[in-house]
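Start from chain A and add chain B according to the hints.
Number of protein chains: 2
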Amino acid sequence: MSLTSKQSTLASQVVDAIRSVVGVDSAVLHEPRFNGNEWKYLKECLDSTFVSSVGEFVDHFESGLTTYTGAKHAVATVNGTAALHVALQLVGVRPDDEVLIPALTFIATANAVSYCGATPHFVDSEERTLGIDPHALREHLQGISEIRSGLCVNRHTGRIIRALVPMHTFGHPVDIDGMMAVAQDYHLALVEDAAESLGSTYQGRHMGTFGLVGVLSFNGNKTITTGGGGAILTNDKELAVRAKYLSTTAKVPHDWDFVHDSIGYNYRLPNINAALGCAQLEQLDGFLKSKRKLFESYKSAFASVQSINLVEEPTDCKSNYWLQTLMLNESVVDQKKAIFTVTRDAGLMTRPVWTPLHQLIPYRECLRMPLPVAESLGRRLINLPSSAQLGGVE
Amino acid sequence: MSLTSKQSTLASQVVDAIRSVVGVDSAVLHEPRFNGNEWKYLKECLDSTFVSSVGEFVDHFESGLTTYTGAKHAVATVNGTAALHVALQLVGVRPDDEVLIPALTFIATANAVSYCGATPHFVDSEERTLGIDPHALREHLQGISEIRSGLCVNRHTGRIIRALVPMHTFGHPVDIDGMMAVAQDYHLALVEDAAESLGSTYQGRHMGTFGLVGVLSFNGNKTITTGGGGAILTNDKELAVRAKYLSTTAKVPHDWDFVHDSIGYNYRLPNINAALGCAQLEQLDGFLKSKRKLFESYKSAFASVQSINLVEEPTDCKSNYWLQTLMLNESVVDQKKAIFTVTRDAGLMTRPVWTPLHQLIPYRECLRMPLPVAESLGRRLINLPSSAQLGGVE
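Going down the list, the sequences are from chains A and B. All letters in the first sequence, in the order written, are residues 1 to 394 by the working numbering. All letters in the second sequence, in the order written, are residues 1 to 394 by the working numbering.
If you're looking for bench data, these hints aren't it; they were derived computationally from the structure. All C-beta atoms, glycine included, are put in the ideal place defined by N, C-alpha and C. Don't take every hint at face value.
With a straight-line Cα cutoff of 16 Å, these simulated EDC-like cross-link-like pairs (lysine to aspartate or glutamate) come out [to be verified]:
id	chain 1	residue 1	chain 2	residue 2
1	A	K40	B	E44
2	A	K336	B	D257
3	A	K337	B	D257
4	B	K336	B	E375
Quick list of simulated restraints, FRET-style, between CB atoms [what the hints assert, rightly or not]:
id	chain 1	residue 1	chain 2	residue 2	range
5	A	T315	B	D257	29 to 39 Å
6	B	D177	A	H156	51 to 61 Å
7	A	D25	B	D257	17 to 27 Å
8	B	E127	A	H156	55 to 65 Å
9	A	V305	B	V259	27 to 37 Å
10	A	G347	B	T157	57 to 67 Å
For reference, chain A alone in the conformation it holds in the complex:
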């Protein structure tokens, strides 16, 4: 029977393994869970009539984020892309600068660079963390850059390489010690794209707090959600003040006059979205426990599947396990399309990692180092259904 031959394929082994973890129901990639004070806080927010960008929940949410992450300051924004756009401006990214970002990231990382009039300069990844490889980056910079008047200059283009923006892929921390060392040696501002890593730590310290600035995202598919939302983290008070100012149309405080002394943005998080965030943040520890449990279940389930490994948190790190991820051996990447088709036909949502950005039309002319690992990972990664509720921890 065709069933037998189908079951022998890698794709059906993947379906079986996922099913053994998530049960017989269909499963989306990641759905939020609203079992806390969401409704209570939304009602309070409505009753206060303060639903827009000024309100108590914005303050509480920001304060909750600083408590949780250990960052001294948090500025809530309308989404993670907006947070990153402002973060890059905070560290001085200007038109015609170059900004080092991974080739393997969501396009928003590159778009934020473009919004500044700067250009992405793509960096390779390492398999161990799925993030920027500091050794390969250092070698690349040794070859193409020099320090002039305290700035890192690309000798080939003559442009300033202003910032380094590692991204913690699917919540797994990048080699942050390596990033900090490269940033220091090459005079680069370190901005952490921690959009996917709320709850992830390295040696007990929260991701997004190592760089000069870090950014978080609370999009609907993230570990906690505000509908749409993001935040800028920093330990520098002046940068925090400037982040708030830039994200509120650069308005100069005055009792009634409208004076804006630079070109700002309409990027503040509305209070009603922050109300949701406050309720979600209260449940974050539980979500993380569930997601870790889910990882363990998938690990057992996939132990016997040949040519596929489950991605695990790097040494010394705690990952939030935002998205559970399979890494295929190169020998079976030709079965990837079958895996997507068969899992999705079974009601189990899987998805590939992003197309490496240098392979996309808007960024294919951008500068880059050799990207063998990013390209390989681009072929080999598959995300699994990852909602906290699948972990079975209450």
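This is chain B only, laid out in the frame that chain A set:
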């Protein structure tokens, strides 16, 4: 007693007139009203778990906006600034273009132009509408521009003048016939900044539907609110499709692959904000009735106050009377600061119109025509407490 002398001032006459309308309580400038299905829809949205940028309420809200405004298409965005940024890109505004905008508008109009890499070119206003004066604009363009290969070129700068962006100030429609004629004669794309004018019409047709594209805002202080939110209106299907594409990171539809073929934005309205919008839109007609009633009450109250007039909707127009507005005679503008201080001390929130944009640091080097009316209005306009609930219509 000092009270007597104080009462004789214009400021205390203003306080008395406002008090006679709004009663003894304090009054903010504009607060939203949530007496409809807000709670119900928010709960439905939470229960669905679709709180982010995909969801039924986004679709319902967009469909409600097309029904209400008569526009063929509406694309909901994260705020009005985002809507305007995309709108300008839709009509082809490119780096180094010039865009004609009123000097007297909120800074977001100019910022959206800047985000495109273009430069604002400031236009004077007329007292009758508070918006762009089409006759003065035509005269200005006759002097400085010429048509080359179907494009309007500024003879002094050599740059293309790509678009004309009138703004309907405080909900009062600009001379839209005049705008359309200038736009046609000078080959300019007409984009209506209708951020303040949901519910305003000219000869029965809704503002924001005359231009190639129009934009709305649903910020917390607007006639209806989504917390933060905006929308792009257009009758052109291709532009609507492109608006949605640009506001969802320019992602090419695919079952699983991440392909983005241009630099897009994270600008879609979250479903939870749209849920609020759906409930608010159901109440819009009532809000408009209340706001019109409030206008009538203020008109009576200020009839006896010398040197001050209440701003009234232009001929053939219905204004939403978003913000009630006093226009001072030039002879009493020196009392404006006293008016702000005394009204605010009395718990009655008043505020001046925006500082004309050419007087602000980021835009003072921009191109402009003579701006005598905008500058005069900049000195003479005062907004009054304007919430719908002050109108007393249930």
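Hint by hint, here is what the structure shows:
{"no.": "1", "hint": "K40/A x E44/B", "result": "holds (14 Å)"}
{"no.": "2", "hint": "K336/A x D257/B", "result": "holds (12 Å)"}
{"no.": "3", "hint": "K337/A x D257/B", "result": "holds (10 Å)"}
{"no.": "4", "hint": "K336/B x E375/B", "result": "holds (15 Å)"}
{"no.": "5", "hint": "T315/A x D257/B: 29 to 39 Å", "result": "holds (32 Å)"}
{"no.": "6", "hint": "D177/B x H156/A: 51 to 61 Å", "result": "holds (56 Å)"}
{"no.": "7", "hint": "D25/A x D257/B: 17 to 27 Å", "result": "holds (25 Å)"}
{"no.": "8", "hint": "E127/B x H156/A: 55 to 65 Å", "result": "holds (58 Å)"}
{"no.": "9", "hint": "V305/A x V259/B: 27 to 37 Å", "result": "holds (28 Å)"}
{"no.": "10", "hint": "G347/A x T157/B: 57 to 67 Å", "result": "holds (59 Å)"}
The earlier numbered hints are all upheld by this structure, with none contradicted.
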